[in-house]
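Undergrad: Same order as they appear, the protein sequences are chains A and B. FYI, the numbering for the first sequence is 1 to 328, going by our numbering. FYI, the numbering for the second sequence is 1 to 739, going by our numbering.
Simulated from the structure, these hints should not be mistaken for laboratory data. Here the structure is a predicted model, which is why all the values come from computation and not from measurement. Mixed in with the good hints, there may be bad ones.
What the hints assert, rightly or not - Derived DSS-like pairs: lysine-lysine, alpha-carbon spacing no greater than 27 Å straight-line: (1) B:Lys187 <-> A:Lys56; (2) B:Lys733 <-> A:Lys298; (3) B:Lys173 <-> A:Lys56; (4) B:Lys267 <-> A:Lys298; (5) A:Lys221 <-> B:Lys295; (6) A:Lys298 <-> B:Lys165; (7) B:Lys680 <-> B:Lys609; (8) A:Lys56 <-> B:Lys312; (9) B:Lys295 <-> A:Lys298; (10) B:Lys680 <-> A:Lys298; (11) A:Lys154 <-> A:Lys198; (12) A:Lys298 <-> B:Lys724; (13) A:Lys250 <-> B:Lys289; (14) A:Lys298 <-> B:Lys167.
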Amino acid sequence: MNMMSATECLLQMCEENFELEDYQSGVPRWCTGCGDNAILAAVQRLCRDEGLRPEKTVFVSGIGCSSRFPHYMNTYGFHGIHGRALPVAEGVKMARPDLTVFVNTGDGDCCSIGAAHWIHAIRYNMNLTVFLHDNQIYGLTKKQASPTSPIGTKSNTTPRGSYLEALNPLTVTLGVQNVSFVAQAVDWIPEVLFDIVKAAYHHKGLSFVRILQRCPEWLPKSLDPWMNDPNKVQLLNHENGLQFSAGLSKVYKNQLQHDPSNMDRAREIASSTDLVPVGILYRNPDVPCYEDLRHSDKLRTAELTSAGLNAELDKYTVWPQEMKEKVA
Amino acid sequence: MEADTQAHVAFFLTGRRPSEHLDAVDGLDLRPALFAGYRELARLRHDFPLVLVADCADKQFVQSLSGLTDSALAFAARGSEGERIRKHVLQLEEEIRTLSTDGATGMLSALWATAAGRLAKGADKSLEDSLRRARAAIKVDGELANCDAAMPARLLRHAWNAVQKQKAEAFRKDLDRLVLKLSDILKADFERSAAGRSAKHLKESVGTGYGDAFDFDALSHLLAKALPKDEFPESRRRRIRELLAVLGAQQFFPASDAAAKKAAAAKPYSFFFDTCAEALSTFRKRMPKLIELAKAIAIAELEIDGQYSESKHDALFEQFGANGLDPQDLAPFPDYLVCINAEKMQAVEHAHLMEILSSGLPIKVLLQIDDILEESPNGEGNLTAGMRSRQIANMAIGLNEVYVLQSSSSNLFQFRERMLRGLTYRGPALFSVFSGASGKASGLPPYLMSAAAMESRAFPAFTYDPSAGPNWASRFNLEANSQVDLDWPIQGFAYEDEQHQTVSEDIAFTLVDFVASDHRYARHLARVPRDRWNGSMIPVDEALTRERKGLPDKIPSVLMVDVNNVLQKVIVDARLIREARRCREMWHSLQELGGVHNSHAEKLLAREKKAWEDRMQQEAEAHAATAPAAAPGAATAVVPAAPAAASAPAEQEPERAPNEAYIETARCSTCNECTTLNNKMFAYDRNQQAYIADINAGTYAQLVEAAESCQVSIIHPGKPRNPKEPGLEELLKRAEPFL
């Protein structure tokens, strides 16, 4: 164990202790019964327990119900544009690696218009914690089918029912090079939701957490089969993953030993359609982070920034003297 | 007893030569027999000379010439021309070694060129080609250092410079970051001020190109309205300016190029000293400045992080460093290096050295010993055999928090990583080095002399690293010594006898062999002419194992060679044997510290072994006594019960009254259904999960409705509290699934 110096102790002795209220900002406008509330509660609890300083924490989102998340966090936030939460978050992390960056994105935001960014963000493996709020429908725009809507979902854009099989965000993520953390949670088991959120936060690299959440307004019965039958939820436990309390295990008896370092098994479990696997599917702490690979020791002074900008702008500058010489 | 043996015994006991058949060794120019093969050291490939590699802070900061040559040959001497290149390059290496032995100094590249020039005379073109190829494969350069009196200090200072350079780079980087960030805070403050939003400043910030495109007065007027309400406190502004002043004026490290350009930075301090007294007083004199800088760095970190709170931190930092700084706090700052010579040390300097070592200061001390065979001032002919340095090194080890490295200079290259560890250790370090370069006693080169001191246990090599672990096993390391588990190392020795037949034998290299090469102790030795050799002359190591009782019948002797490499036998007097015995006892103590033949461990082992044997004996006896009574496979055999399956303790559920309403709070998913229904009856706890805050704040109907609307069915309405509530019968029916 490294001993702390007296100065290090001095620097830490005045650190503040935070309460849940320190992270709360405004009353969420989500519908009553919306799963986003559960995610918000879990994340605020994480911030408090980990003592994350609000001014050092950023929540970045795209567009959708879930993307209102930064409004309800009393931290820095960036409510971005459709599908662009991940590149914005990557930019924040690149420029300010000292900040803790979370991303809130929905099934439409991430898996439809933002799909390209999603794939490449996984590959870049920057140290971000990404929550995919998957309610399987476009809720903010009042019920259109999303890429994760189950086949046959009747919506304003698919009045006769959707024609395609739903996209599985877990298998897609697990298929991308450099993937380092994939987990699945459900909003109706808050204890496990919190444990997963916590594990994701502690993972260095891009942690991708898909959270199945209810939309009581537009798809109120969609998740009932899994919510009402605990045996249809399969908890993934392992000494290197999550371990569940006796109380929870009494209700959720369907548990599977799964080592999160086993990628092949993770892909197999992720492909399951009847059962909903809940827990950490894959974790590899050894995948390098892009910001570490590209880290520069150079101090970003005003002179350095100015020189960089000038070098870029000079590429598009026409130098009259040089032009004359060329013509001559 | 034969006459010759009588004479030998007399010499052994008195140191006087009563017989004409015993020769004084003065002037015979004898050396230990094992040194016979080392007459021309320059022709032998060994670690020296060393190359002190420039700009390198890892273990490659020093390399041996032979190691560099081998690496170059591995790369360049390939294919059909490989053998030719190898031959030429090894010739060059020998030439460089000869130059260095003759006193030539300079960079490897320069000596390479000189040596190549010498070899080129009369040689064909192929030599030039071989050397060019090998030279291209050597990517480093540096000063050459031979094993002489100056080498230990040169090598240690070179390593120290490399470590300090690395430290300086890290410190400067950190300092530049702090200065930039603090300056940015002041800049941001200015931009928010009235002056920063004045038309004049706004115009200057846009530049000349678009100077006419804006109405800066209007812009300034608009921005003035938007000035932030929370003012930047003047005290903070002043504090940041003071921090910048302290950081800019520091003299512990050279200023960065950028900072030096902006302001003429003060000349950095020197950290290299020739005396402990000077180093100590300088350290103390600079302490207030060091504390001021460390404090400024700590406050700057808080300021940059936006964490500095005057109400909390002012008082804390007021007394910063009042009790000095601990080793972790001192670690980023330069270490002091003191190079002293044991022979020149006076009592006062000795006291200062002890003060340094015992105070935990980051001062590294090289204690160089040139002569470990000086005579003791206590008595005629007594040896000190490294006592002076041994005392200091042992005392330093006893202090527990000092990194101690003891080594002969011949072994320093092998200890290069340990040197770096000592130099990077957070606290004092003592490097006790025997140079072998006294020049007083023998014609042997320092390399050979120092190697012999280590081999003979006169100056064993070891390290004591307090940072390596909590116990002696991890901290103390004796393994660099030859055949560490023996009293004396045994070496094979072969010679040709009078019949030109090769004779091989194993001989021990003892303290006496080492001392025998020193002319000052010639009076303790007497050569026995070959025709007088007899069976009573036994090797010193054998004599040392014999018990001392009565008149000796065997006389210890050592094998030596003269200038013509003719083997000689030299008998030794009792005084030298006494010294050898004392040296061996000291070696035994070191062995114990190093875990070799540890008496405590051996005692414990013997005790445990005896206890085990007794237990086995008792069991055997008990078995023998009960065996006939026990039928094979008898049903009475006791099978040990399998350990109960480990089961997690069930969570304790709170006790409830049978009709009580409750919520399984831990399973609440914060969906707001119940709190929307009645936020007085239902509330969220500190984890934002629902519980019944006030059962009387609502009706039973609301409880039932909440249970029905709860998405995860965790609300249990219990039985109604008010028997007069309307519609109870129907409500009880609806509540039934949730009870």
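Undergrad: Tell me the hint numbers this structure goes against, listed in increasing order.
TA: 2, 5, 7, 10, 11, 12, 13
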